[in-house]
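Asker: Take a look at the letters that make up each chain.
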Amino acid sequence: MSDMKRIDQNARRSRALVHNGLVYLSGQVPDDRSTGVREQAGAVFKKIDELLAEAGTDKSRLISAQVWLKTMDDFAAFNEVWDAWVVPGQTPTRCCGKVELNDPRCLVEIVAIAALRNGAQ
Amino acid sequence: MSDMKRIDQNARRSRALVHNGLVYLSGQVPDDRSTGVREQAGAVFKKIDELLAEAGTDKSRLISAQVWLKTMDDFAAFNEVWDAWVVPGQTPTRCCGKVELNDPRCLVEIVAIAALRNGAQ
Amino acid sequence: MSDMKRIDQNARRSRALVHNGLVYLSGQVPDDRSTGVREQAGAVFKKIDELLAEAGTDKSRLISAQVWLKTMDDFAAFNEVWDAWVVPGQTPTRCCGKVELNDPRCLVEIVAIAALRNGAQ
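Chains C, Y and E, in that order, give the protein sequences. Mapping to our numbering: the first sequence position 104 is 104, numbers consecutive. Count along the second sequence from 1, then add 121; that gives the number in our numbering. Count along the third sequence from 1, then add 242; that gives the number in our numbering.
There may be inaccurate statements among the hints.
Unchecked claim - Some chain Y residues judged to face chain C by a derived CB distance under 7 Å, without partners named:
1) Asp-124
2) Ile-128
3) Ala-132
4) Arg-133
5) Arg-134
6) Ser-135
7) His-140
8) Tyr-145
9) Gly-148
10) Trp-189
11) Thr-192
12) Met-193
13) Glu-221
14) Leu-222
15) Asn-223
16) Val-232
What the hints assert, rightly or not - DSS-like mimics (lysine-lysine), calculated; alpha carbons at most 30 Å apart, straight line:
17) E/Lys-247 - Y/Lys-168
18) Y/Lys-126 - Y/Lys-168
19) C/Lys-59 - Y/Lys-126
20) C/Lys-47 - C/Lys-59
21) C/Lys-59 - C/Lys-46
22) Y/Lys-180 - E/Lys-289
23) Y/Lys-167 - E/Lys-247
24) C/Lys-59 - Y/Lys-168
25) E/Lys-301 - E/Lys-289
26) E/Lys-247 - Y/Lys-126
27) Y/Lys-126 - Y/Lys-180
28) Y/Lys-167 - Y/Lys-126
29) E/Lys-247 - Y/Lys-180
30) Y/Lys-126 - C/Lys-46
31) Y/Lys-126 - C/Lys-47
32) E/Lys-288 - C/Lys-5
33) Y/Lys-167 - Y/Lys-180
34) E/Lys-247 - C/Lys-5
35) Y/Lys-126 - C/Lys-5
36) E/Lys-301 - C/Lys-47
37) C/Lys-59 - C/Lys-5
38) E/Lys-301 - C/Lys-5
39) C/Lys-5 - E/Lys-289
Calculated directly from the structure, the hints in this document are not laboratory data. The C-beta atom is built at its ideal place from N, Cα and C for all residues, glycine as well.
Use the sequences and the hints to build the structure in full.
Answerer: See the structure below:
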């Protein structure tokens, strides 16, 4: 039996990978890039929530998040929706910087690592 | 009892998070951004040293460091102080690239992961 | 006995570090920067393959890869060689963004984490 569980895999990447009590996520981006940063961030959070659920955990178990914004002009707006999304008292470590993505309409990408629920493998 | 210990947490992030023998740090930036890259890097190293101490480890146990510089013009100067800070024979893995941060006066941000002391949980 | 094994270490960084069943790689860049992105990516993959072998594992055990491209104009060409390099059915999580590196001729840097072979320490 494999010690690695890959979730939603294609020829390029696994969208998530579970190994030794942690779930690693690929950089998550919004599908609809016609909207502003608040909507795009919300779409990314929804994807993260769904992947964490599929791995058997949730956002209260996030360990680290790396946030890439296309422009730091969106920093304050992004933080508003971020602060409303994270679980008070159970916030992850975070970093946030300006990194452009392939699609110029894409305003945000987030890479995250979370722990499985206590006792899960 | 929780298997996660969060250090210096606010509504947005934990400055450090201990889980399963590792401590993950949020991106550390200097408080005083009026200085040059050497001084800013030194301030970041001091913060990292303090967080590692609070987690019960030290820089000789660093596993990885991701260094973001505002400009690669600072690469040589940053490396000078970096090389003096790391422990000879116990250097972490590293990457370093140009990533702009929210405050344009902020010249450096470092994200690091370290192992707890051998045998610690 | 140490619980950390460092591979190809100099005064600045370890090129790889093995700890608790994982191997962490420093950002890998090509030595020859006179070539295009396909050749540079191939050189980086070769370095990663060699480091994973030295750590006792291989690319089928990759967990995550962070890809920095100097320009997203190289995204499609990079993906071509990436898709040919990864192991079908065993792809890692991935993120990819525009991050400039110190040497302006360097088009790609990759930071990766892999698991050791099942049962290895």
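Asker: Determine for every hint whether it applies to the structure shown.
Answerer: Hint-by-hint comparison with the structure:
1. Asp-124: Given a least distance of 5 Å, the restraint on Y/Asp-124 holds.
2. Ile-128: violated (9 Å)
3. Ala-132: Given a least distance of 6 Å, the restraint on Y/Ala-132 holds.
4. Arg-133: holds (6 Å)
5. Arg-134: Result: holds, 4 Å to nearest chain C Cβ.
6. Ser-135: holds (5 Å)
7. His-140: holds (6 Å)
8. Tyr-145: holds (5 Å)
9. Gly-148: holds (3 Å)
10. Trp-189: holds (5 Å)
11. Thr-192: violated (12 Å)
12. Met-193: Y/Met-193 check fails; min Cβ-Cβ to chain C is 14 Å, beyond 7 Å.
13. Glu-221: It holds, given that the least Cβ distance between Y/Glu-221 and chain C is near 4 Å, below 7 Å.
14. Leu-222: holds (6 Å)
15. Asn-223: Holds. Min distance 5 Å.
16. Val-232: This hint holds: Y/Val-232 lies near chain C, its Cβ roughly 5 Å from the closest one there, short of 7 Å.
17. E/Lys-247 - Y/Lys-168: holds (26 Å)
18. Y/Lys-126 - Y/Lys-168: holds (18 Å)
19. C/Lys-59 - Y/Lys-126: Distance of about 16 Å is within 30 Å: holds.
20. C/Lys-47 - C/Lys-59: holds (11 Å)
21. C/Lys-59 - C/Lys-46: Roughly 11 Å separates the two Cα atoms, so the pair holds.
22. Y/Lys-180 - E/Lys-289: holds (27 Å)
23. Y/Lys-167 - E/Lys-247: holds (26 Å)
24. C/Lys-59 - Y/Lys-168: Distance of about 27 Å is within 30 Å: holds.
25. E/Lys-301 - E/Lys-289: holds (11 Å)
26. E/Lys-247 - Y/Lys-126: holds (26 Å)
27. Y/Lys-126 - Y/Lys-180: The hint holds at about 19 Å.
28. Y/Lys-167 - Y/Lys-126: holds (21 Å)
29. E/Lys-247 - Y/Lys-180: Holds, because 15 Å separates the two Cα atoms, which is no more than 30 Å.
30. Y/Lys-126 - C/Lys-46: holds (26 Å)
31. Y/Lys-126 - C/Lys-47: holds (26 Å)
32. E/Lys-288 - C/Lys-5: With Cα atoms ~26 Å apart, E/Lys-288 and C/Lys-5 stay inside 30 Å; holds.
33. Y/Lys-167 - Y/Lys-180: Given that 30 Å is the threshold and the Cα spacing comes to 11 Å, the pair holds.
34. E/Lys-247 - C/Lys-5: holds (26 Å)
35. Y/Lys-126 - C/Lys-5: With a Cα-Cα distance of about 26 Å, the restraint between Y/Lys-126 and C/Lys-5 holds, given a limit of 30 Å.
36. E/Lys-301 - C/Lys-47: Measuring from Cα to Cα gives roughly 27 Å; hence the hint holds.
37. C/Lys-59 - C/Lys-5: holds (19 Å)
38. E/Lys-301 - C/Lys-5: Answer holds: E/Lys-301 to C/Lys-5 is near 16 Å, not above 30 Å.
39. C/Lys-5 - E/Lys-289: The given pair, whose Cα atoms are some 26 Å apart, holds under the 30 Å limit.
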